[in-house]
Each structure stands twice: as structure tokens, then as C-alpha cells.
Amino acid sequence: MEQSASPLTSDEIRSLVRPDHVHRRAYADAAVFQLEQERIFGRLWIYVAHESQLKMPGDFVRTRLAAFEVLVTRHTDGNIYMLQNRCPHRGARICMVDRGNAKVFSCPYHAWSFRPDGSLDSVPHRKSYPEAFRLDDPQNHMQRVGRVAVYRGFVFATLNKNPEPLVHHLGQMTEIIDNLVDRAPAGEVEIADSSFALEYRGNWKLHLENAADIFHPSFVHNSSVAPARRAPANASILDQDQTREMLLANGFGPAEWEGIQLNGLSGGHAFMTNIYNKGVLASQDTDPVAARYRAALTERLGPERVARVLAMNRFNNIIYPNLVVNAQYQQMRVTVPVSVDRTIVHIHCFRLKGAPDEMFHRAVRFLTTLGSPMSMIFSDDVEMLERCQQGLASDVGPWIDFSRGIGMDRHGPDGSISGAASEMPMRVQFEAWVNYLTAEAV
Amino acid sequence: MLDYETQRQIELFLFEEARLLDAGKFAEWLKLYEPQGIYWMPSQSGQTDPLNVASIVYEDHAILSIRVQRLLEARALVLTPMPRTTHLVSNIEAQEAEGGDFTATAAFICVEHQADKQKIFSGQHTYQLARKDDSFRIKMKRVALLNSDGVHSPMAVPL
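As given, the protein sequences belong to chains A and B, one line each in that order.
According to my numbering, the first sequence holds residues 1470 to 1911 in order.
According to my numbering, the second sequence holds residues 550 to 708 in order.
Just so you know, the hints here were simulated from the structure itself, not pulled from any lab data.
Looking from chain A toward chain B, a few residues come up when the C-beta cut is under 7 Å (computed): (1) S1663; (2) A1666; (3) N1691; (4) A1704; (5) L1707; (6) T1712; (7) V1833; (8) S1841; (9) M1843; (10) S1848; (11) V1851.
Far from chain B, some chain A residues (derived; all Cβ distances over 12 Å): (12) Y1598; (13) V1650; (14) P1757; (15) T1767.
For every residue, glycine included, the Cβ atom is placed at its ideal position computed from N, Cα and C.
Input sequences plus hints: build the corresponding full structure.
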């Protein structure tokens, strides 16, 4: 890690990205990270919570937004608020759990108590505070930060005082949130209570790039692909072969490199066609669970819409800057940057309300197989992200390459398309990155 | 209370498991499990449900065989260099269970060293053991990590 002497200028930021290369400072310079916190995580719409965690007044989620630790709360007025997790009295952090329900947030130091909208409910021994001290003085409230907007149950927040509407930022990526929610026979998804938090010693962008990289799986995941190939089919009594199929699916070759279509969108978003085509992951007609699920969904949507909803067959859908959604497996990863070389990835799954219980069991299984700290897949990805960060720490040969596929991408008004294991999504991400980091103050 | 000899046999069986893991003899380690044996590492403290609540590991013999082969693969990135471990099991308390089986609980500490990192894992094991000749086979091993719901970095060697 290093610290530049002064804040980076827009010209310096532009000089870090070439059409086919990016300078290592984008990953390793603390001044770049500082600017990202300010202009990307401090200005864009960032996922902070799911409404299923905020059903009742007093429900809250604790998370991070740029440099702030925040509480996202549901107040008795029905609104969602975002509060800095700090007591205005002596500055102590108030809430020390990740989620729950609280009628008031009470600071354990001197017992100032706050309502879920941040307003000060009470202080003990009121008469020892001066005459001018008022409970309704906003200065004595937990500070509201930024603003909140909800898209179909997904709660986003921004510190931007003049943000574009959330749906503008999401753009075409609203389709994937729609698709996840539309897959629920009851028209609603619930985030699972259990999730994983994985930390790696590397820059946050490395995870985002890896999620868009379809070239690496056959190399990075060979140690689980090869044993899965040697293992007998349907040997497990637990999961209808789901784990083995997931491991097998990373055995990419030319058919996958050329067969998976990548889409890159302005704003830095990207998505790809699916990689899992077998077994319980493929929702086959012979699968009784899938049949019951289709029937339940058809009852709500009718056969034509069901066909359309289930036809969306994608794997990673990357909503810039930090959300990866797999709609048909009900999975979501949220990248939280901690410092220039430290990142936490929160990995969640969803329950499709109204779907057979077995569908949720499969989503939970998916979460464990891909995202657990003992995952036979993601642990190897994380190892590579850390090795990249280690390699990028020194200034020798500072330019790294993302030129693969550069002459083969097709560009249209809605973005870029590639069918050839292109690094186009990374080029799209860095084009957006430069735009965000060089945008004037708003 | 269990008779001294059976208690001692169970202790020695748990020590054998720890020794095989420390020696990197993962194929031999898997042989301690029944053909339908399960290795379970919950993600939540007190977790009883492996279907609706995510687990760090919830694998039967068939999936564990893949995991073991991966541990023996030279190309597993997370295993280069191969971590070295010390598995300690202590406070072993065993009881008789139904059908001639036994249950045992044990506190554990595992120190794992790899390259520039040293990690410490700790928690409680719960075993369901079946008699097999003069030894035992594991029907279920539940590994309750102290920090099961915490922030993790990748883990490779079974605890």
C-alpha cells in the first residue's frame, strides 16, 4: 500500500487506463481508493439491504456505505431511514449487531435513546442538561446520511445530494432484479437469514473483474473439476448431485469460451449467459420439484409469462460497482471495500415465496457450494485475487493487460457484446470507472 | 458414565483422526467415516437445520471423496503451499447412544500454517460413532466453530 502526496487529478486518473491496459495503481494506490470511496461508493446507488429484512417498524440492518457505518431502519411512519451508527453525544458506536429489531437504539455509554428515524427519544436525568438542550434539536439526533430508494424490494442508498434516479443507474440491469422477483410464485423474494462474509487481501475491483471473467475457470478450478469428473454420478445422498454438477460446470473449454455471450453496458454493468446446464440446476422437465414449481408459477403468471421468465438464462449479472446477482439460483454477492487491499464479500441467497421448500434448499446448497469459506470453488478464486494484489504491490512493469477479445467485440447503442471469452466487461468497467472518478463534484 | 476402556478407545479414535489430518493422510481420514457418514460445519451457533440454513460444510461420504481428492491434487491453488496443521482435541466426553452407538463431544483447537499466514480455529466437535470391530466409524461429525458466523478467509484442511 502507498499514499500519493496529493489528491489525484482527473488527468492522472485518465492516464491510468488505456484501451487495452490498466496501471497497477488503480489497484494498489491508497489515494485512488480514497477517490473511489468518495466518487463511486459515495455517489452511486449502492445496495444496502433487502426489504424482507425491514418488514416491521424497528427492523434494522447494519452495513457500510463508503466510509460510513450505517443502520438502515424501518420507522413507525413506514419509511426507511439510513443513520450513521454513532451517538451524537460522545461519538460511540451504538449498534453492535448486523440486524435485528429495536424500538429504540440506546447508547450504552450515557443512555441517550433514539427512535428508528434517528430522533432523540430520551436522555436520563434531563435536568442536568442545560436549558438550551432540546430533544428535538437535529444536532442531538443520530445523523441521517444520504438517501434511500427501493427497486422491487432491493434497498439502495446514495450519499449523492443530487443523484440520478435509481432506475437510471440500474438501466438494463433492472431486468435481472425483475427476473429474480418474477421467479417467485407469490411475487416476492425473501433474503435468507444465513449468509457468508469472506474477506480477501486484495482490491475490491478484482472480485468484480473475476465475476466477469469466463477464461479462468478451467485453470483456477481444475483441482475441483478433475476430481468431480472422476467421481461417480448421483453418489451423494444429500443433494441430488448438485455439488458435483456445480464443480463440473467449471470445466470450461473452447465450447464455453466461444459459447458464453458477454454483455457490457454503459455505467460499468455486465452480464453473461449461463454456465450450469445439467441436473437439478437446469430445471428439467423430469424433475418433480421443478414441475411443482412451474405449476405454482403458472397459476400466478400464466404459461406464456412463465415461459418468458424461465427463459432468461444467465449466470453472473454485475451491477456496478458491487453487486453480483444470479437470478435463477437466487444468489447475490455484495462487495464491500475496506481498504485499497482489503475487501469483504457478503454472499446471500433468497427464498422464492410460494415455491416448493426444496427450491430454497437448493439455493442454500448453492450458497454453500459456491460461497462458503470452505467452498471448493470460490476459495481458489480468492487465492488468485490475493496473488494479483501481491503482484501489483511493486512498481515493476506497472501496466497490466486486458486486451483479450478487443478486436472481436461488437458495439451497439445499448453496450458491447462479445462471444469469445473477451475481457470486454473489464474494459467496460474501467471506462465507467474513469467517468465516475473524473466527474465533477455534484 | 461410560466404562473407562470404552472412553479410552473413543479418545484414541479421535486422536487417530487428528493425527491423520495433521499427516495429510486425507484418504485414510475419510475411511474413518461410514459409507453414509456426514461431516457438518454449521454457519450459525446452535444451528440444527442443514437444509434451510447455510452450512460452511455439509457433505456426505460421496462429496467428501471429491474434497479429499482435491486436497491431494497438486493444482489446488488454495493449497499451494500445502498448509501444515496441528489438530488438538481435548475435554472428550463420551456416552452410549441408541443401537450400540456412541456420542462424544470434544473441544478442539487447530493451528494452520501456510506461507506467511498462521491461523487458529477453535470450537466444539460432536460425534456420532458406530462400533466397527475393535474401533469406530463416524456417522456424523459436527464441527461448531467459535466464529462460525464471523468474517472468514478461505479454509482448506478439515477441522
